[in-house]
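Number of protein chains: 2
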Amino acid sequence: MIFRTALAFLAAATMATAKTNFVLIFCDDLGYGDLSCFGHPTIHTPHLDRLANEGQKWTSFYAAASVCTPSRAGLMTGRLPIRNGMCSSKRRVLSPDSAKGLPKSEITVAEALKGAGYATAMVGKWHLGHLPDYLPTANGFESYYGVPYSNDMDRIAGKGPKGREGLMKPKSEYWNVPLMHNTEILERSPNQAYLTRNYTNQAVAYIEAQAKSEKPFFLYLAHSMPHVPIFASGAFSGTSHAGRYGDVIEEIDWSVGQVVKTLQAQGIDEETVVVFTSDNGPWLPFKTHGGSAGHLRDGKGSTWEGGMREPTVFWGPGIVETGIVHEMGSALDIFATFLDLAGVALPEDRIYDGASLAPVLAGRGHSPRQEMFYYHGSELYAVRKGEYKLHFTTKTEYIGQKPMKHESPVLYHLGEDPGEKFDVAKENPKVVEALVQLAETHKGSFTPPESHLEARIPRGEN
Amino acid sequence: MIFRTALAFLAAATMATAKTNFVLIFCDDLGYGDLSCFGHPTIHTPHLDRLANEGQKWTSFYAAASVCTPSRAGLMTGRLPIRNGMCSSKRRVLSPDSAKGLPKSEITVAEALKGAGYATAMVGKWHLGHLPDYLPTANGFESYYGVPYSNDMDRIAGKGPKGREGLMKPKSEYWNVPLMHNTEILERSPNQAYLTRNYTNQAVAYIEAQAKSEKPFFLYLAHSMPHVPIFASGAFSGTSHAGRYGDVIEEIDWSVGQVVKTLQAQGIDEETVVVFTSDNGPWLPFKTHGGSAGHLRDGKGSTWEGGMREPTVFWGPGIVETGIVHEMGSALDIFATFLDLAGVALPEDRIYDGASLAPVLAGRGHSPRQEMFYYHGSELYAVRKGEYKLHFTTKTEYIGQKPMKHESPVLYHLGEDPGEKFDVAKENPKVVEALVQLAETHKGSFTPPESHLEARIPRGEN
Chain P
11 MIFRTALAFL AAATMATAKT NFVLIFCDDL GYGDLSCFGH PTIHTPHLDR
61 LANEGQKWTS FYAAASVCTP SRAGLMTGRL PIRNGMCSSK RRVLSPDSAK
111 GLPKSEITVA EALKGAGYAT AMVGKWHLGH LPDYLPTANG FESYYGVPYS
161 NDMDRIAGKG PKGREGLMKP KSEYWNVPLM HNTEILERSP NQAYLTRNYT
211 NQAVAYIEAQ AKSEKPFFLY LAHSMPHVPI FASGAFSGTS HAGRYGDVIE
261 EIDWSVGQVV KTLQAQGIDE ETVVVFTSDN GPWLPFKTHG GSAGHLRDGK
311 GSTWEGGMRE PTVFWGPGIV ETGIVHEMGS ALDIFATFLD LAGVALPEDR
361 IYDGASLAPV LAGRGHSPRQ EMFYYHGSEL YAVRKGEYKL HFTTKTEYIG
411 QKPMKHESPV LYHLGEDPGE KFDVAKENPK VVEALVQLAE THKGSFTPPE
461 SHLEARIPRG EN
Chain E
11 MIFRTALAFL AAATMATAKT NFVLIFCDDL GYGDLSCFGH PTIHTPHLDR
61 LANEGQKWTS FYAAASVCTP SRAGLMTGRL PIRNGMCSSK RRVLSPDSAK
111 GLPKSEITVA EALKGAGYAT AMVGKWHLGH LPDYLPTANG FESYYGVPYS
161 NDMDRIAGKG PKGREGLMKP KSEYWNVPLM HNTEILERSP NQAYLTRNYT
211 NQAVAYIEAQ AKSEKPFFLY LAHSMPHVPI FASGAFSGTS HAGRYGDVIE
261 EIDWSVGQVV KTLQAQGIDE ETVVVFTSDN GPWLPFKTHG GSAGHLRDGK
311 GSTWEGGMRE PTVFWGPGIV ETGIVHEMGS ALDIFATFLD LAGVALPEDR
361 IYDGASLAPV LAGRGHSPRQ EMFYYHGSEL YAVRKGEYKL HFTTKTEYIG
411 QKPMKHESPV LYHLGEDPGE KFDVAKENPK VVEALVQLAE THKGSFTPPE
461 SHLEARIPRG EN
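Protein chains in written order, with our numbering: chain P, 11 to 472; chain E, 11 to 472.
Rather than coming from a laboratory, the hints here were simulated on the basis of the structure.
By construction, the Cβ of each residue, glycine as well, lies at the ideal position given by its N, Cα and C atoms.
Take these hints with a grain of salt, some might be off.
Here are the simulated DSSO-like cross-link-like pairs (lysine-lysine), alpha carbons at most 30 Å apart as the crow flies [unchecked claim]:
id, chain 1, residue 1, chain 2, residue 2
1, P, K440, E, K297
2, P, K431, E, K181
3, E, K440, P, K431
4, E, K440, P, K440
5, E, K172, P, K431
6, E, K431, P, K412
7, E, K431, P, K395
8, P, K179, E, K181
9, P, K100, P, K297
Far from chain P by the CB rule (all over 10 Å, computed), these chain E residues [claimed, not checked]:
id, residue
10, S46
11, P56
12, S70
13, R102
14, K114
15, K222
16, T298
17, I334
18, P419
19, K431
20, R466
21, I467
Computed spacing ranges between beta-carbons, pair by pair [claimed, not checked]:
id, chain 1, residue 1, chain 2, residue 2, range
22, P, A444, E, E417, 52 to 58 Å
23, P, G170, E, K431, 21 to 27 Å
24, E, P413, P, N201, 46 to 52 Å
25, E, K431, P, K181, 54 to 60 Å
26, E, T249, P, K222, 36 to 42 Å
27, P, P459, E, E417, 45 to 51 Å
28, P, K181, E, A245, 58 to 64 Å
29, P, E389, E, S418, 43 to 49 Å
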């Protein structure tokens, strides 16, 4: 066993620049505490637990933002939403009536890898523009299958119970969401109970096809679940200990298992890196239909840790060393990490907000990430450096609180106090000063571009 | 590898009744969320994670009570504190001025195993009576080394800052606690920074000695940590990401590693079952010096889940199958489980509140535990059956709330809602009725004996 592993590691090391495939699995509204390996008491995720044990479990890995669109914009570009035009103080995410999407001037990780000879595909939720100019196929993905925005958008007026009840006792027919193939709409109101399964089948078929190719590939599998309305297929409905939400997460776990099984069956598991993470924290007001941030405070939409820290696993036998990583990482680092592992240089014409985590994955170094900027829309609410996090403004989303600007910013030590309970600003004036300075320097270093989130399609045309 | 494991399993199966050793590692005030494998973001517990991966991680395992003395009385006897006289509504735990301890009429697991030919030893915190008649050596343990009650008791008047500050910036010399060997006091005010290490060294030495003997053994290693005042030795101070509390837990994790390493070095790991759990939840008012209940509500002293559910691991290669166990278990089941694994019949002259978990450990069956009774002192506050838990009275200890009797009891589904946030009593009247009936039947089935917690040594004599 040792011999084989050593050989595989050598082979992977020499082949890494030649052919490292990437499978990026991205969930929607998954909470930090929603997997067994992140401590959930009743949701059972054996496949993810196994990947976490064999690969790396990252306990301090951040989404680029606390809601869908800006989070995904950061993931795709390696740049903060405030820098790539995908945030706004007026609208937090794109809607079916949005006229724009990710700016053309941005380079996605798919474009960068495709330019370097990769085959690229996306399956699942995009949410960076649903009009042809902004779809995945216009952003470096050679193929696309999925729902282009959130599965609770495009509600059909008059169908089903109103408001939250409609979302918590849902039927697919309440929504007019499109299921797309490339730029074509395959159907409206697809049966959402099969979204996870269909996405998985598409992903598996793609991996099988690509395994036969000489080209390396990048597959972005972005589940629509567990965003409300939540649905599991018949095989999972009523099977978990944790109700409908548990069923949904356990089906996603099954999906991860299918992906890994396929990589292994095709003999390409040792030349592929799988990343699992989510776009933002759990949508807590949906109670048992929302997830749990576990030890962390608040959830989706919030710049408290529960809004942006995600349960993250990197796996790749022979490429990713085994371990728990407490250092910081972010979806903003995926761009640089994949390019590094693929042997592709970062574009030099723009500023990136992430750096390559490859040294950490290989067990050879520290994370380059020492800082994190927490934006709410286009406003900087908090900054983290090392273990300290300073909040200028807080807004507890769970209780629908209004933004609270702190005259004296509040400081937490996230190592001792991951739940952000005990303000230690008074005891650490120098830390506060340094973090205030960090925020000022950051804000003064660039002029945000025009937001692409505000433009709407004239009524009746969408 | 498969061949060897199968052989080991067969060997263990036939030898189980001949010689299965037990190492029971018990912590003090450890929170449900305080280990990496139970989701802590910054405390690193590689040894316990490994045991959880190789053995069984129990996600719904309960202490017998939410504070030290009754919890330990339940652990030792397999009987609820209300049945063995070790609870009271006047005093929750024994103190240095307590005149009594565990009633003579009770049979401890040490007594039962000793009677069946086991060597027995205890190292650590006892807290079931510090006078000679009540010490471990009077309760079936052939030897004892440790502090007989909590490490924050017996505070020396006038030494160090008062109240909580003294506990959070502590020096060992503030306390007069005795370190004992059998019935002798070795020293007063031992350096608490070395308690974990000293206990570990004693445990390792005992295992090494017993490995040479024909007799099977039972070792009860009950750490004084992480009960405040918390202390780690020099090798661990300042080394964790999680401050002093993290240092303390990581030293306990090291201790677990030492125990396992010793079992392996002595070649007795495949004939030994190691259990790791704690007496009650985290002492939350101590902030960063208290732990975290993770997903669960409230902490020490509470009948909310955070007070009584503990991070629990069973390990024993060839005896304990690998897996995550979501079924219920309790420290009350340890007595019957150990006796079962040792091939010793349960005494028939009394009622037990636990049953053998051996079928679950062997991967051959379901847990016998379907119910849990949550006592606060001598009053029944809540009951659980299956996934449902009904509270008659709640008292959130974290905020020092007074007991709140609910005219209509509140009901939670712990599968969907492990954090006990969403009362579902109205939607489930039949479940409420069944649980009310369960509580009534339970209370009507016995007359509690006289409490042993109230008697005090006359002033000046302790």
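Cross-check of the supplied hints:
no.: 1; hint: P:K440 / E:K297; in the structure: 23 Å, holds
no.: 2; hint: P:K431 / E:K181; in the structure: 26 Å, holds
no.: 3; hint: E:K440 / P:K431; in the structure: 39 Å, violated
no.: 4; hint: E:K440 / P:K440; in the structure: 59 Å, violated
no.: 5; hint: E:K172 / P:K431; in the structure: 24 Å, holds
no.: 6; hint: E:K431 / P:K412; in the structure: 23 Å, holds
no.: 7; hint: E:K431 / P:K395; in the structure: 33 Å, violated
no.: 8; hint: P:K179 / E:K181; in the structure: 57 Å, violated
no.: 9; hint: P:K100 / P:K297; in the structure: 26 Å, holds
no.: 10; hint: S46; in the structure: 6 Å, violated
no.: 11; hint: P56; in the structure: 8 Å, violated
no.: 12; hint: S70; in the structure: 7 Å, violated
no.: 13; hint: R102; in the structure: 25 Å, holds
no.: 14; hint: K114; in the structure: 39 Å, holds
no.: 15; hint: K222; in the structure: 32 Å, holds
no.: 16; hint: T298; in the structure: 5 Å, violated
no.: 17; hint: I334; in the structure: 6 Å, violated
no.: 18; hint: P419; in the structure: 20 Å, holds
no.: 19; hint: K431; in the structure: 7 Å, violated
no.: 20; hint: R466; in the structure: 37 Å, holds
no.: 21; hint: I467; in the structure: 39 Å, holds
no.: 22; hint: P:A444 / E:E417: 52 to 58 Å; in the structure: 54 Å, holds
no.: 23; hint: P:G170 / E:K431: 21 to 27 Å; in the structure: 25 Å, holds
no.: 24; hint: E:P413 / P:N201: 46 to 52 Å; in the structure: 50 Å, holds
no.: 25; hint: E:K431 / P:K181: 54 to 60 Å; in the structure: 26 Å, violated
no.: 26; hint: E:T249 / P:K222: 36 to 42 Å; in the structure: 50 Å, violated
no.: 27; hint: P:P459 / E:E417: 45 to 51 Å; in the structure: 59 Å, violated
no.: 28; hint: P:K181 / E:A245: 58 to 64 Å; in the structure: 60 Å, holds
no.: 29; hint: P:E389 / E:S418: 43 to 49 Å; in the structure: 44 Å, holds
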